[in-house]
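Enquirer: Residue numbers (my numbering), protein chains in the order written: chain A, 23 to 374; chain B, 23 to 374; chain C, 23 to 374.
For the record, the hints were derived by calculation from the structure and aren't laboratory data. Glycine included, each C-beta is placed from N, C-alpha and C at the ideal position.
Label-pair restraints from in silico Cβ distances:
id	chain 1	residue 1	chain 2	residue 2	range
1	B	T141	C	N343	25 to 35 Å
2	C	T190	B	D178	27 to 37 Å
3	C	P182	B	V347	51 to 61 Å
4	B	P179	A	K237	46 to 56 Å
5	B	P138	C	E217	31 to 41 Å
6	B	P179	A	A366	48 to 58 Å
7	A	A137	B	S60	53 to 63 Å
8	C	G215	A	S60	34 to 44 Å
9	B	S60	A	T107	50 to 60 Å
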Amino acid sequence: MVMNPYRLRKRLFAFILAASAGLCVLDSSAWAETRKFSMTIEDTVVTLVDKQTFRTFSFNGQTPGPLLHVTEGDDLEVAVENQTTLPHTIHWHGMLQRGTWKMDGVPDATQPAIAPGETFTYRFKAEPSGTMWYHCHVNVNEHVAMRGMWGPLIVDPKTPPAIEKEVTKDYIMMFSSWVSSWSQKPGQGGIPGDEADYFTLNGKAFPDTQPLRIKQGDVVRIRLIGAGDELHSIHIHGHLLEVYAKDGRPLPNPIMVDTILLGPGERYDLILRADNPGIWMVHDHIDRHTVNGKSPMGGIMTTIEYEEIPVKDQAFYSWKNKNFVPDFFYEESLKKPLGMHESAAFKGVPAP
Amino acid sequence: MVMNPYRLRKRLFAFILAASAGLCVLDSSAWAETRKFSMTIEDTVVTLVDKQTFRTFSFNGQTPGPLLHVTEGDDLEVAVENQTTLPHTIHWHGMLQRGTWKMDGVPDATQPAIAPGETFTYRFKAEPSGTMWYHCHVNVNEHVAMRGMWGPLIVDPKTPPAIEKEVTKDYIMMFSSWVSSWSQKPGQGGIPGDEADYFTLNGKAFPDTQPLRIKQGDVVRIRLIGAGDELHSIHIHGHLLEVYAKDGRPLPNPIMVDTILLGPGERYDLILRADNPGIWMVHDHIDRHTVNGKSPMGGIMTTIEYEEIPVKDQAFYSWKNKNFVPDFFYEESLKKPLGMHESAAFKGVPAP
Amino acid sequence: MVMNPYRLRKRLFAFILAASAGLCVLDSSAWAETRKFSMTIEDTVVTLVDKQTFRTFSFNGQTPGPLLHVTEGDDLEVAVENQTTLPHTIHWHGMLQRGTWKMDGVPDATQPAIAPGETFTYRFKAEPSGTMWYHCHVNVNEHVAMRGMWGPLIVDPKTPPAIEKEVTKDYIMMFSSWVSSWSQKPGQGGIPGDEADYFTLNGKAFPDTQPLRIKQGDVVRIRLIGAGDELHSIHIHGHLLEVYAKDGRPLPNPIMVDTILLGPGERYDLILRADNPGIWMVHDHIDRHTVNGKSPMGGIMTTIEYEEIPVKDQAFYSWKNKNFVPDFFYEESLKKPLGMHESAAFKGVPAP
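For reference, chain A alone in the conformation it holds in the complex (with noise of 0.2 Å):
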């Protein structure tokens, strides 16, 4: 398109009007992309740690399921088959859904859940910005504590604040709980009386959690999602963490803490920045999240390694051998262009 020196002229005009009243931040659609996904819900067999496994309900046939990452504004269509036997939806926790309550994607309030074999399309605006994520609605107390039906949804803001330009890293950890003796069982459990007794980051338990790689210098942000059934009390050593952001929204005064509580459902971005070389555990405090089944040391823990520190040197380390997998905590996946991104890592195989 053309543009006559005018025509720019007045355009330029007005949008400086515009931003000077600020309109030009709320009128989202001068900028919004559309952007489409397609999201499958299979039956799935997930492996939590060792030999423990897990049917579950995932998006993509992974838990947590693929990351959307789109801008704040953006007008998101997202294309849900299910592919399982059960009834299911996909509520978009955080997103205000303004004049699109019907996608709010709670079954037998905002719409009738998607049958098995059918395709529902969920339309909404991605707003307001923030560390959100989507899950089913539909006996939550099964599907979303117990069979990985969960995963994030970043939304960029449209002007960053200063502080997140800083960032270099970042991470994202989705917390939950499991209780294997519905394992083999989809379709039930969540009951009372169940005692979970595997805890999971992003799906994994110690020891096949991953480590965070981080060097000195690094500005690293922390996205903790209470994504399953219970709370959690997370402590990051080594390091004063600033509490920037709860359920996406930047706090007027962020406080300092070593240990964050975090209940289902809450988000917490963190900032880290990376002053003390070494390796540090992270890590539920909730004592009884770290262990899997009657195992201690196992369940919620993981570490932050230093790139100055080199692990393969520390005799002690009982991770110095570690097969590394990246993208654990969508830390590459966040870096690429925006869209809708799987990872490798959280990939479960088809029930049989």
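Once you have looked at the hints, place chains B and C on chain A.
Expert: Structure of chains B and C alone, referenced to chain A:
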């Protein structure tokens, strides 16, 4: 800065005026009203949902107990008659009890428990303002956790902050959990090994809860009260909520959330600006709190219904023909003159 | 006030000097003291309440372990001798361990565990200031959750904020829970299915806890430490508490509460201005935490006693003739010179 005598005198005068006005506010006796109430503690049978009944020691035969709605600085007299066969007290959670520690309602610490058949009169000043509550302090592991001995105490501030004057709808939500194996055994239960299997909002579980009916433009205040034994992670769809107050005290820097974690005894006041017509879920994101016994899609769930959306037209909506019971959140009572208000929505029947 | 140019210049000069001195404070090496301590880990039997004993691996034979009270910037050396038959470490929760990550006390990540009979010396700088704690990091599901392996580490700031100078009484409260079925089986327990049935404040359950004795005008600091496996919702009657610090860091905008939710590993410092003489309950509002086994009115409960109220005159007060054990909250030790302090209140006996 040099100040000439005239300006100094003028300033001093202004200060004295301001100080007088300030003192006036502090001098509560000039404004206080004495409010006298009578309450009973009764052997009651309440219904949590469907056919699930529970033996309680309810205040005035209802759970939650009657709303006490007063103004900061009022002198309260509450005569409490214990009509059950077990000892009880009332603790006024949040009241400072300045100079009246023997009115604090703790058995064997501030008073002997009220014996069966006896009446004790609590006399204290309503201070400070905010969302408060009352509950028995005898054997709290049973009486508070499972026998419905709690109700709301709302103390209006004498000089309400601007935001409180904006409020057009005011709702009270009290959360609790129940162990059905003890349902018919009053005087027992609340012990290690108990498994809560019913979870209620104002004493009822979904689908026997009630919707919040609001309209665009409303400024909705939602008062969350952790009345029971468990935590709750309350998620409200389609809106960002301002966390306005904690334990009755306005926060110096309110934060915005979509999910809020609430511990036993805690209160949060949320402000929701109704700008998004639709039908919106309100529920506990602790997934296991959304069952009734072993049945999913129960427990702590309700909806917000905007009057702009005719619910009868929504074919998929499970509550489209619901029998609406008003005052389920004391929303009608809160508009009445100050005093004590019962709600028919919470009434049980006398125990046999 | 009129200021002549000379005085102004003099003031500016003084300010620059003071500012330089302020920088000096940051140069901690100039002020740091080296503090050397020796600690043992011992097979111990503690008594939680009445006749309920528990086998622990206690630091110096007591739970909580000895108070370490130091100043920000001090160089600590703690020689830890493991006298038990199982491996252990000490993690110094909250310490940044700048440049000393191998002193962080995590087995197989920062060091090999300390084998039975061996001694390991931790050397690190006390940084940052605040309410910190230490605990074993081996098999935390058992050792921390149920074997009493924790104690307080208080790091005074070099330049205390004004409010900290006002403090007249200083109390430490460490919360934990216990599963009595494992009480006599050290090296086992802390597994899914466990049901905690004892709940303690500084290792004791009511009525074997101790009151806080204060007087009008006191500025009371209460340091809450989530030392165990469960959450606690601490309610203090008759006062509004200022939440002064979280994890040792003063909050930018303190909030006022009457109830505070505390997760495992978290610390909150509360400031209570003693202005309301009486006898006041302090207790966990998670109701099930106020039992001893199956008996109600136990667990995490105590009182604040104002000396203006003679407790012996309160006929109804169950503690009116209580045998007072001092230093139950390290309130005496915190007034002593910096160093390591044991408290007779917490001593167990050697395991047979």
